[in-house]
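Engineer: Each protein sequence line maps, in turn, to chains A and B. Its first residue numbered 1015, the first sequence is counted upward by one per residue in our numbering. Its first residue numbered 1015, the second sequence is counted upward by one per residue in our numbering.
No lab work stands behind these hints: they were computed from the structure. Ideal placement from N, C-alpha and C gives every residue a C-beta, glycine not left out. Do not take every clue at face value.
Here are the simulated distance ranges between beta carbons [unchecked claim]:
| hint | chain 1 | residue 1 | chain 2 | residue 2 | range |
| --- | --- | --- | --- | --- | --- |
| 1 | A | Arg1194 | B | Ser1053 | 36 to 46 Å |
| 2 | B | Thr1139 | A | Arg1194 | 13 to 23 Å |
| 3 | B | Gly1109 | A | Ala1244 | 55 to 65 Å |
| 4 | B | Gln1197 | A | Arg1194 | 45 to 55 Å |
| 5 | B | Gly1109 | A | Ala1030 | 34 to 44 Å |
| 6 | A | Glu1229 | B | Phe1043 | 14 to 24 Å |
2 protein chains.
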Amino acid sequence: MTPAHSLDEHRELIEAYLKRIVFNRELGFVDGVMRYALSGGGKRIRPVLCLATGEAAGGDPEELLIAASAVELVHTFSLVHDDLPALDDDAVRRGQPTVHAEFGEATAVLAGDALLAQGLYLALTLPMVEPARELADATLGMISGQYRDVKERGDLLDLYELKTGRLFEAAVACGLWVARVPQIDHGPWRMFGKQFGLLFQILDDIADGDGVVAELGRDEAHSLAMSTEARARLWLDEIDADTSLLDELLSGLKRRASLAGN
Amino acid sequence: MTPAHSLDEHRELIEAYLKRIVFNRELGFVDGVMRYALSGGGKRIRPVLCLATGEAAGGDPEELLIAASAVELVHTFSLVHDDLPALDDDAVRRGQPTVHAEFGEATAVLAGDALLAQGLYLALTLPMVEPARELADATLGMISGQYRDVKERGDLLDLYELKTGRLFEAAVACGLWVARVPQIDHGPWRMFGKQFGLLFQILDDIADGDGVVAELGRDEAHSLAMSTEARARLWLDEIDADTSLLDELLSGLKRRASLAGN
């Protein structure tokens, strides 16, 4: 049996869903700011990972779209706050002004808050509570990773596991919860998600020439990427389901990075 | 039957519970910052309102403490972010430096985020999902109110209903959900919570000489406070339960304000 949707179809589904998503009606102007942040032309890797996982595990497509959108809202919250002047101080993201550059800092703080609360609220419209728990918990890990990144540093891979890995693992886990996969069977899927997130971050560093490249040199960073990808694929082999789309998503990561950075 | 706990006992219970509460173990330094924000000697009015409501409605005391603490975490998140330089720019709160004044702006943004995520996560440890939903939704209303306060203004009472009233209503509603009160019976309780929150804000303005006092004058503000308290009490009369503690909490509001401001 081949997967019901291709990666491109998943990407189109999530784009369409995010466009028609309804936020809390009291939000007023902040609603538009949230949509501005969401519309930045991102690659939607986390929600596609959630959809591809959940479909491979037999989840309901409509429920999976809710979970995947919740993941993207939480991810977007983290971008809006990370871009703030007090944190990474980025004025441009993917060629368009960041939220605080466009709307001011106060609005960016509040719109980020709203994206987090709305993401968790959205997850709470699902018929099971675990995706919301998963996302709230991953958010705490992610915040801790961002704190270390801005303030402490320390071991870079530990930091990446929190800052990037936690939400990738949560994206996978949300797909599993929606598909009613019991926690005892989450192991290899989650390990795949973690390694996937780590690879994503390492390839990002290779493209930008910073992070692990600055710390270990380009050759070491490349072999770290290769071993991380190999580990991800080993976990995929442990899974008793059609994971061909996840395999394709993994290969796509590397291809995009080699186009961008080498 | 008299209430099982006095208001002071509720206050002590919530203080003790907040002290021994366990946060996500990945938080590291941010954990301490969250506790700093929580320990500011607040009056704990929202969690006490939650406990008094839930107890009047027959809720389990341990579950009520979880819900009440979740309310206080969400409230504290809003304080930490509202105090930021880009928003209200307050360096002192209740005689101690605000979080950004003590730890810097980046840490305050992240600790605020963590308080919100941890508050919702805590609510998600309850055996029912509604308190978490209630809090996420109230947070969105509150954010919208804060946005209007900083950026738009407009009708002050509409703004207060969002900025203050939504979380007071949610505090009441969380107590009801924990006590398994069906939504159809929430009406008068929630209306009481709204009016209580509005009165809290009006009395705050009277104490500080701003807000409704600046807009309507002191006499008008006083009569608004009186009519709001009367409305709150009318809703209390509609409730078929021992609401003597809620009545006492309402009277206590006015007494504190008259000590502070007149």
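Engineer: Report the numbers of all earlier hints that the structure fails to satisfy, in ascending order.
Structural biologist: Numbers 4, 5 - these are the hints that the structure violates, sorted from lowest upward.
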